[in-house]
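K.L.:
Sequence:
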Amino acid sequence: MEPVYTPVIGFARLLFAAQGLKMTLSGLENVPRTGGAVMAVNHTGYFDFTYAGLAGVKAGRLVRFMAKKSIWSNPVARPLMTGMHHIPVDRGAGLESFGLALAALRAGEIVGVFPEATISRSFELKAFKSGVVRLAQEAGVPVLPTTIWGSQRVWTKGHPRRMGRHGIPLLITVGEPIVVGPDEDPTEATERIRTAMAAQLHADQERYPAWPDAERDLLPARLGGSAPTLEEADALDASEGRRRAQA
Numbered sequence: 008m009e010p011v012y013t014p015v016i017g018f019a020r021l022l023f024a025a026q027g028l029k030m031t032l033s034g035l036e037n038v039p040r041t042g043g044a045v046m047a048v049n050h051t052g053y054f055d056f057t058y059a060g061l062a063g064v065k066a067g068r069l070v071r072f073m074a075k076k077s078i079w080s081n082p083v084a085r086p087l088m089t090g091m092h093h094i095p096v097d098r099g100a101g102l103e104s105f106g107l108a109l110a111a112l113r114a115g116e117i118v119g120v121f122p123e124a125t126i127s128r129s130f131e132l133k134a135f136k137s138g139v140v141r142l143a144q145e146a147g148v149p150v151l152p153t154t155i156w157g158s159q160r161v162w163t164k165g166h167p168r169r170m171g172r173h174g175i176p177l178l179i180t181v182g183e184p185i186v187v188g189p190d191e192d193p194t195e196a197t198e199r200i201r202t203a204m205a206a207q208l209h210a211d212q213e214r215y216p217a218w219p220d221a222e223r224d225l226l227p228a229r230l231g232g233s234a235p236t237l238e239e240a241d242a243l244d245a246s247e248g249r250r251r252a253q254a
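For the sequence shown, the numbering used here gives the first residue as 8, with consecutive numbering after it.
It cannot be assumed that every hint is accurate.
To be verified - The calculated lysine-lysine pairs, modelled on DSS-like cross-linking and capped at a C-alpha distance of 30 Å, are: (1) LYS29 with LYS65; (2) LYS164 with LYS65; (3) LYS65 with LYS136; (4) LYS136 with LYS164; (5) LYS65 with LYS76; (6) LYS75 with LYS65; (7) LYS136 with LYS76; (8) LYS75 with LYS164; (9) LYS164 with LYS29; (10) LYS164 with LYS76; (11) LYS75 with LYS136; (12) LYS29 with LYS75.
Calculated from the structure, these hints are not laboratory results. Predicted, not measured: the structure shown is a model, and the values here were computed from it.
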């Protein structure tokens, strides 16, 4: 039992129950019961780390997530994030966070990473950063391709959050571990993982319950929704990045 992580898990479960979330977790047998692994997770909503973390909990493991350092500036979040041994990521000093994640993996931890680095406004997979592959190679651990579908309906970028009782279905799937060879090209390995996660995500989308017409803006254009295309979403992200840089 961990003094911070354990009660946070309990609170999260109460919240999920109060919201009436209909969670379907698949592939829990793919989560190693011991030893390190990099859990690569797609990113469509603000609560994705809690849903992916639940997959670890159900398998008897705690996931240490890499998250943007700014979260630690919140006086409420700081002691929780530190107490759960999550890893702060400073995009201006990435080597430090990479070293912390590598040390956790070598100590036998599962480290959660969002290879898209930010929420996808298109709800399609964005281009992946190579950090997942580089961590797996240096630590000698497998990659756990983990996909979540439906979380954007709870709370995502540019949309109001829904914290009340809504009964939204969520599909959380952990695919078969992917082994990255020590000499494999990081770019090619990253694309191999992205391809596997795309196939896994598309399979989940096909078995997801009927999408409400009132929420077509939360559905990819490829599936008949009105969300921005991947190219339009990338342009929005780039524009937002420029505004932040100017500020």
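K.L.:
Work down the list of hints and note, for each, if the structure agrees.
P.N.:
Here is what the structure says about each hint:
1. A hinted pair counts as satisfied when its Cα atoms are at most 30 Å apart, and LYS29 with LYS65 qualifies at roughly 15 Å.
2. A hinted pair counts as satisfied when its Cα atoms are at most 30 Å apart, and LYS164 with LYS65 qualifies at roughly 28 Å.
3. Restraint check for LYS65 and LYS136: satisfied, since their Cα atoms lie roughly 28 Å apart, inside the 30 Å limit.
4. A threshold of 30 Å between alpha carbons decides the hint, and for LYS136 with LYS164 the separation of about 20 Å falls inside it, so the pair holds.
5. Distance hint between LYS65 and LYS76 is fulfilled; the C-alpha atoms sit about 27 Å from each other, no more than 30 Å.
6. Restraint check for LYS75 and LYS65: the C-alpha separation of about 25 Å stays at or below 30 Å, so the hint holds.
7. Of the supplied pair hints, the one linking LYS136 and LYS76 holds, its CA atoms being roughly 18 Å apart against a limit of 30 Å.
8. This hinted pair checks out: LYS75 and LYS164 have alpha carbons roughly 15 Å apart, not beyond 30 Å.
9. Of the supplied pair hints, the one linking LYS164 and LYS29 holds, its CA atoms being roughly 22 Å apart against a limit of 30 Å.
10. Distance restraint check for LYS164 and LYS76: the Cα-Cα separation of roughly 18 Å lies within the 30 Å cut-off, and the hinted pair is therefore satisfied.
11. Taking the CA atoms of LYS75 and LYS136, the gap is about 15 Å. The hint holds against a cut of 30 Å.
12. A threshold of 30 Å between alpha carbons decides the hint, and for LYS29 with LYS75 the separation of about 28 Å falls inside it, so the pair holds.
Every hint from the earlier list agrees with this structure, and none is contradicted.
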